[in-house]
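Residue numbers (my numbering), protein chains in the order written: chain A, 1 to 157; chain B, 158 to 748.
Take the hints with a grain of salt, since some may be wrong.
Said to hold, decoys possible - Result set (DSS-like, lysine-lysine): computed pairs, CA atoms no more than 30 Å apart in a straight line:
1) A/K147 - B/K529
2) A/K103 - B/K372
3) A/K116 - A/K147
4) B/K565 - B/K360
5) B/K423 - A/K147
6) A/K41 - A/K116
7) B/K566 - B/K554
8) A/K103 - B/K736
9) B/K566 - B/K360
10) B/K554 - B/K360
11) A/K103 - A/K41
12) B/K707 - B/K679
Unchecked claim - Short derived list, chain B residues pointing at chain A, Cβ under 8 Å:
13) S165
14) R414
15) V417
Said to hold, decoys possible - Just the calculated beta-carbon pair ranges, DEER-fashion:
16) B/Q281 - A/K103: 33 to 43 Å
17) A/Y86 - B/R369: 18 to 28 Å
18) B/E614 - A/S65: 54 to 64 Å
No wet-lab data here; the hints were simulated from the structure.
Just so it is clear, CB atoms sit at the ideal spot from N, CA and C, and this is done for glycine as well.
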Amino acid sequence: MCEVACSAGHFGAVSPALARIRVAKMDETGIDLAIACFSCKEKPCLECPTEALSVGDRGEIVLDSDYCDACGLCAEACPVGAVGFYEEPLFCDLCDGDPNCVKVCPSEALTYETGKEVSLAPFLEVGGTPSQRRVHFAGVMAEPLRKGWAEGRRVDS
Amino acid sequence: MSIYQGSSLRVDLSTQEISRGSTPENGIGGRTWNSVTLLRELDAGIDPLGPENLLCISVGPLTGTEFAATCRIIASAKSPLTGILGDSGARGFFGPEMRWAGVDQIVFSGASEEWKYLYIDNDQIELRDASHLVGLDITDATVQLIDELGDPDLQVAAIGPAGENMVKYAIISCNLARACGRTGMGAVMGSKKLKAIVVRGTKPTRPADPDRFQKACSDLIANIEAHRQFRSRQLYGTTRIMDALADYGVLPAYHYRSAVFEDLEKVSSDALRRDHVVKGKACYNCNVYCSRYNYTSYSEGEGPEYEAQAAFTVKVGGSDLELAVHVSNMVNRLGLDCISTGEVIAWLMECRHEGIISDDDCDGIDLSWGSKEALLKLPELIAHRQGIGDLLSEGTKRAAEKFGTEAKKLTAEVKGLELFSADPRGIKGYGLMNAVNSRGGDHYRGEPMIELTGDEELAMRRVGNPQAAHRLSEEGKGALVNYAEHMGLLSDSMTICKNISCCMDVVDFDLAADAYSGFLGKEISKDDLWLACSHVSQVERDFNLREGLKREDDTLPDRFVNHPIPDGPAEGTTINIHKLVDDYYEVKGWE
Ligand code: SF4
Chain A
1 MCEVACSAGH FGAVSPALAR IRVAKMDETG IDLAIACFSC KEKPCLECPT
51 EALSVGDRGE IVLDSDYCDA CGLCAEACPV GAVGFYEEPL FCDLCDGDPN
101 CVKVCPSEAL TYETGKEVSL APFLEVGGTP SQRRVHFAGV MAEPLRKGWA
151 EGRRVDS
Chain B
158 MSIYQGSSLR VDLSTQEISR GSTPENGIGG RTWNSVTLLR ELDAGIDPLG
208 PENLLCISVG PLTGTEFAAT CRIIASAKSP LTGILGDSGA RGFFGPEMRW
258 AGVDQIVFSG ASEEWKYLYI DNDQIELRDA SHLVGLDITD ATVQLIDELG
308 DPDLQVAAIG PAGENMVKYA IISCNLARAC GRTGMGAVMG SKKLKAIVVR
358 GTKPTRPADP DRFQKACSDL IANIEAHRQF RSRQLYGTTR IMDALADYGV
408 LPAYHYRSAV FEDLEKVSSD ALRRDHVVKG KACYNCNVYC SRYNYTSYSE
458 GEGPEYEAQA AFTVKVGGSD LELAVHVSNM VNRLGLDCIS TGEVIAWLME
508 CRHEGIISDD DCDGIDLSWG SKEALLKLPE LIAHRQGIGD LLSEGTKRAA
558 EKFGTEAKKL TAEVKGLELF SADPRGIKGY GLMNAVNSRG GDHYRGEPMI
608 ELTGDEELAM RRVGNPQAAH RLSEEGKGAL VNYAEHMGLL SDSMTICKNI
658 SCCMDVVDFD LAADAYSGFL GKEISKDDLW LACSHVSQVE RDFNLREGLK
708 REDDTLPDRF VNHPIPDGPA EGTTINIHKL VDDYYEVKGW E
């Protein structure tokens with residue numbers, strides 16, 4: 001629902017390819033994780049050859065389309081595959097501080113928090129495509145969850 | 158009127174040629190296109206597993222839009238299990254992806270000599286070698302494809318060993334456990350030597366009248382959130398119904414020999430959630446996220462839904478819930494329909510109980526009620542057509558012919574399709590639905606759910622008869638089943654989840670008309686949609702009549718008609734199916 005709300009909210013059209021939040025799904029392990037820009041400490045995406053990117057007031061990455069060559073290097077640089085690409089890079093703009101995705105999430109899995117600094121340093125060297133990096137990240141994040149299942153933790157416990 | 162014409166992909170597996178065409182002009186998406194295609198293009202009497210059968214897979218104009226839970230694909234073909242129209246829908250995420258690839262329908266014809274899979278990446282479409290996937294179960298084949306193609310975002314619909322071996326009730330699965338389950342569509346796919354369909358699409362869906370469409374989407378979400386079952390569906394999915402069915406006295410314990418199951422607590426939805434559910438799971442754009450991921454000491458996977466949970470416990474007379482969850486996982490991986498598989502096993506156990514067959518007739522497998530050996534071994538044997546599994550893979554109707562008249566009397570099927578895990582005697586609308594609908598013995602064709610509500614005002618509004626709101630009433634059920642069939646067909650065209658549109662009854666023809674009109678940007682009235690459904694309902698009837706269906710086939714097994722429920726809250730009830738069918742024929746205007 002977050003992908004749909006994001007895509008519809010920004011483009012009036014629906015496809016995850018247009019969304020700035022993406023769900024990494026691994027059906028064989030039961031894991032789903034929604035991933036959007038964390039405004040991470042490292043911000044490797046900012047190495048933009050045409051200097052089209054800057055950091056906005058809320059920490060979001062701001063794209064100046066006039067400068068963007070659509071080379072896609074920023075999307076390639078994000079260690080967790082959080083930068084979309086559809087004709088040009090798609091950065092989460094936090095919907096002016098009231099994100100659509102958070103509003104629609106039925107399981108309240110998404111929250112919007114400010115002031116926390118997240119480091120993605122352990123993921124900087126992860127190779128592969130953005131979608132492979134999302135899945136890799138989700139897999140790592142889900143390890144404690146899956147360990148809990150093996151130890152007998154259930155959804156209500 | 159032409160409501161929407163989509164793009165249809167034609168894939169000839171004999172010549173390996175792929176071409177583009179259009180969907181039939183009179184449909185409204187999904188099942189309507191498929192049924193019209195099959196009536197038009199198939200000859201009567203063809204072999205369902207021969208190259209002359211067509212396998213149609215469709216989405217609809219609303220699939221992959223903001224309208225909630227428009228997630229399904231509908232697969233249709235002449236059914237190898239029943240010999241009449243076959244079709245079944247699968248939820249998950251495959252349908253939207255297909256729509257975003259710009260493909261509204263795929264029609265597979267012919268049969269390949271070598272195993273293939275169809276690869277669709279937007280406009281790049283090709284048949285590829287699948288020989289390395291042969292023998293893999295659905296999970297392994299899907300994971301292998303995602304790995305080797307290097308794209309975790311792609312969607313896969315695959316068959317397992319059961320489909321490869323043309324088990325008559327083999328499934329096609331999306332997202333590992335979201336199946337086109339009924340009527341053997343996986344067997345048809347296997348007969349064409351098509352192991353999987355892989356799809357990746359990025360073309361967005363865009364409403365032509367955004368304001369109107371947006372309002373329909375918001376109305377639907379509001380209806381869902383306000384529904385009294387909203388929370389319990391989130392927690393339990395369809396397993397929530399088990400307690401209610403016990404209260405109505407319609408549990409099929411020991412293969413319909415009792416409506417009372419002494420170990421109900423051990424196998425209940427609460428026990429399932431407490432002991433085995435580790436996480437909620439959703440389909441595309443669905444705020445109900447009713448599915449659940451399970452973890453057991455044997456295996457893990459998505460599910461079970463009520464049908465698998467009940468079939469592998471109550472129906473087979475077993476109280477080992479963990480085993481049942483595992484069998485559900487196993488059946489999903491092998492690519493078998495859990496309803497038909499559960500029914501085959503439960504029927505065998507009853508035959509053994511009655512002394513009609515012995516364990517020796519079944520490769521020495523212990524067939525006592527709830528037998529762990531039977532539950533673990535039979536699905537494997539069936540999927541691989543080994544030993545007794547070869548006979549059982551034909552379905553109960555054909556298998557019973559081998560075991561004689563007494564065994565035949567115990568089967569619970571209509572037109573060859575095995576029945577669900579409830580007793581039609583105590584829920585008359587469901588009984589009628591099973592007897593008359595166009596794919597044989599099935600409850601999910603459209604859900605006459607109103608009869609479980611007691612809500613006379615609702616029944617009045619939907620079908621003009623307050624008595625239709627009562628499950629034991631035989632009044633108004635023809636109209637109720639006709640309405641539910643239309644609603645099912647509408648849902649199979651919008652490709653919205655029927656748990657939402659039919660079971661929760663939160664979509665009606667008015668709301669659907671707003672969604673269609675808003676998305677397509679032209680005025681489509683509820684009458685247009687109703688007429689389109691009536692038309693296709695007749696198309697399906699014509700297809701089945703052409704295959705030799707007779708009025709006598711629109712009935713239920715003898716045990717439900719002539720023998721009362723032996724115990725429990727609905728003790729003494731039978732179902733007057735002749736009266737109900739007469740009523741239904743009158744509503745339909747059929748002779
Ligand atoms: S209600 Fe359940 S089965 Fe239906 S679309 Fe939602 S999550 Fe899927």
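Now the hints, each set against the structure:
no., hint, verdict
1, A/K147 - B/K529, "holds, 28 Å"
2, A/K103 - B/K372, "holds, 17 Å"
3, A/K116 - A/K147, "holds, 26 Å"
4, B/K565 - B/K360, "violated, 52 Å"
5, B/K423 - A/K147, "holds, 26 Å"
6, A/K41 - A/K116, "holds, 10 Å"
7, B/K566 - B/K554, "holds, 10 Å"
8, A/K103 - B/K736, "violated, 51 Å"
9, B/K566 - B/K360, "violated, 53 Å"
10, B/K554 - B/K360, "violated, 45 Å"
11, A/K103 - A/K41, "holds, 26 Å"
12, B/K707 - B/K679, "violated, 40 Å"
13, S165, "violated, 21 Å"
14, R414, "violated, 33 Å"
15, V417, "violated, 28 Å"
16, B/Q281 - A/K103: 33 to 43 Å, "holds, 36 Å"
17, A/Y86 - B/R369: 18 to 28 Å, "holds, 26 Å"
18, B/E614 - A/S65: 54 to 64 Å, "holds, 55 Å"
Violated hints, listed in ascending order, are 4, 8, 9, 10, 12, 13, 14, 15; each of the other numbered hints is respected by the structure.
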